[in-house]
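Q: Start from the sequences and build out the full structure, keeping to the hints where you can.
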Amino acid sequence: MSLARSPLLKSAAALGLVAVVGTTLLAGVHRLTADRIADQERRMVLEQLGQIVPPDRYDNAMHEDYVTFRDEQHFPQGQEVTAYRARKGSQPVAVILRFDAVDGYNGPIRLLVGIEESGRLAGVRVTSHRETPGLGDAIDTARSDWILGFTGRSLANPEPAGWAVERDGGEFDQFTGATITPRAVVEAIQGALEFYELSGRDLFDQPAAAPPEAAS
Amino acid sequence: MNYRQIFMDGLWRQNTGLVVLLGLCPLLAVSGTVVNAMGLGLATTLTLVCSNLAVSLSRPLLRQEIRIPAYVLIIASVVTAIDLLMQAWFHELYLVLGIFIPLIVTNCAIIGRAETFASRHTPLPSVIDGLATGLGFCLALVALGALREIVGRGTLLSQAELMFGRIGESLTVTLIPDHPGFLLAILPPGAFIGLGLLIAARNGLSSWLAGREEGRRAPGAQQAGESTV
Numbered sequence: 001m002s003l004a005r006s007p008l009l010k011s012a013a014a015l016g017l018v019a020v021v022g023t024t025l026l027a028g029v030h031r032l033t034a035d036r037i038a039d040q041e042r043r044m045v046l047e048q049l050g051q052i053v054p055p056d057r058y059d060n061a062m063h064e065d066y067v068t069f070r071d072e073q074h075f076p077q078g079q080e081v082t083a084y085r086a087r088k089g090s091q092p093v094a095v096i097l098r099f100d101a102v103d104g105y106n107g108p109i110r111l112l113v114g115i116e117e118s119g120r121l122a123g124v125r126v127t128s129h130r131e132t133p134g135l136g137d138a139i140d141t142a143r144s145d146w147i148l149g150f151t152g153r154s155l156a157n158p159e160p161a162g163w164a165v166e167r168d169g170g171e172f173d174q175f176t177g178a179t180i181t182p183r184a185v186v187e188a189i190q191g192a193l194e195f196y197e198l199s200g201r202d203l204f205d206q207p208a209a210a211p212p213e214a215a216s
Numbered sequence: 217m218n219y220r221q222i223f224m225d226g227l228w229r230q231n232t233g234l235v236v237l238l239g240l241c242p243l244l245a246v247s248g249t250v251v252n253a254m255g256l257g258l259a260t261t262l263t264l265v266c267s268n269l270a271v272s273l274s275r276p277l278l279r280q281e282i283r284i285p286a287y288v289l290i291i292a293s294v295v296t297a298i299d300l301l302m303q304a305w306f307h308e309l310y311l312v313l314g315i316f317i318p319l320i321v322t323n324c325a326i327i328g329r330a331e332t333f334a335s336r337h338t339p340l341p342s343v344i345d346g347l348a349t350g351l352g353f354c355l356a357l358v359a360l361g362a363l364r365e366i367v368g369r370g371t372l373l374s375q376a377e378l379m380f381g382r383i384g385e386s387l388t389v390t391l392i393p394d395h396p397g398f399l400l401a402i403l404p405p406g407a408f409i410g411l412g413l414l415i416a417a418r419n420g421l422s423s424w425l426a427g428r429e430e431g432r433r434a435p436g437a438q439q440a441g442e443s444t445v
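Line by line, the protein sequences are chains A and B. Going by our numbering, the letters in the first sequence line up with residues 1 to 216, in that order. Going by our numbering, the letters in the second sequence line up with residues 217 to 445, in that order.
If you are wondering where the hints come from, they were derived from the structure by calculation, not from laboratory data. These figures come from a predicted structure and were not determined experimentally. You can take every hint at face value.
One side of the interface only, derived from the structure: several residues of chain B facing chain A at Cβ under 10 Å:
#1 282
#2 285
#3 368
#4 369
#5 398
We treat Cβ as the ideally placed atom computed from N, Cα and C, and that holds for glycine.
A: Below is the structure:
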């Protein structure tokens, strides 16, 4: 039997052909969808940021005007924190920090914490979490308004002793049956505010990690 | 084999989720709400149709020994393509379904249909088999999703806007206002209990239908001369 007719080679060629056709198909689909997927991701980020700092309050490309940093003292486990900066006419308006609260009941709670230039909270949102449905998931705006209660708060409002859930003698409600989740969120927000008080305003002066699309 | 029979097999007699019990991992994990269930069900259906078609078309090419790796390649390509398409056009739904879209690859129902059906039939019956099997799986998912959503949250089709866009918001039905939420139904144990109930219901309905069929045949047998009473 000649080598070219050996069943082994035929099989290898057939498998190779299937792989080539499959890869070609995927390359085509990727080309077709890549731009749209990037658009969708940008839109999601903008939508989330816009809930905290409405689009009419800033005029830079906030989703591209960000820096990343680590600060083990204020953000748990030395994680990378992303800071989006909102500016209007090159004046700093607010900064939105994206990081994880790690002391939740079940895995990291991904937070967006918006802090006005003055140090007041512009708003807080949970963008992803795996807390127990019906108990801990009240941190999600889809389930309750609890997280909106942070808007307008600052390190002085309430006093430092009040920055805890009621169970721990603080000012913030826990929800029925869940203390761990809100406690983790309250602590994470307090950490972010303390960071901002110390060195947050410097964030506005750092060069962006990605060049802003349309510099104002 | 006629198409009607293929269709009824996939949809009812050999239902993947309720009779063959394949692909239970996604079935149990994503059936928290009707919209999630429908999203995964339709993605699985599309995968089955495409992979069955591709497997059937490649029959002359594939020798017995390499068919399984070839099926794996075909199914993985199809699923990745669907994954990208969903990410582009149903981004929010894609975020909710998360890891379960790429994991369609591991749904053994798909390689099962490739091996037992598409590798032995021409393209048209294979496509119909894929469609029927997929819709059967989708039906089981949606039934379980509806059960868990009604009992657990008191709503139906909540977050329909993820799938149908703006119009979807008006599709949400609140069946039980001020439902306090029934945790057991939403958490994984509820999925197992719900699946058990659905399988029982399907078996009950199936034997009732069979009994009725027999009852219909019996008078015919009498006319033929056999007196059994």
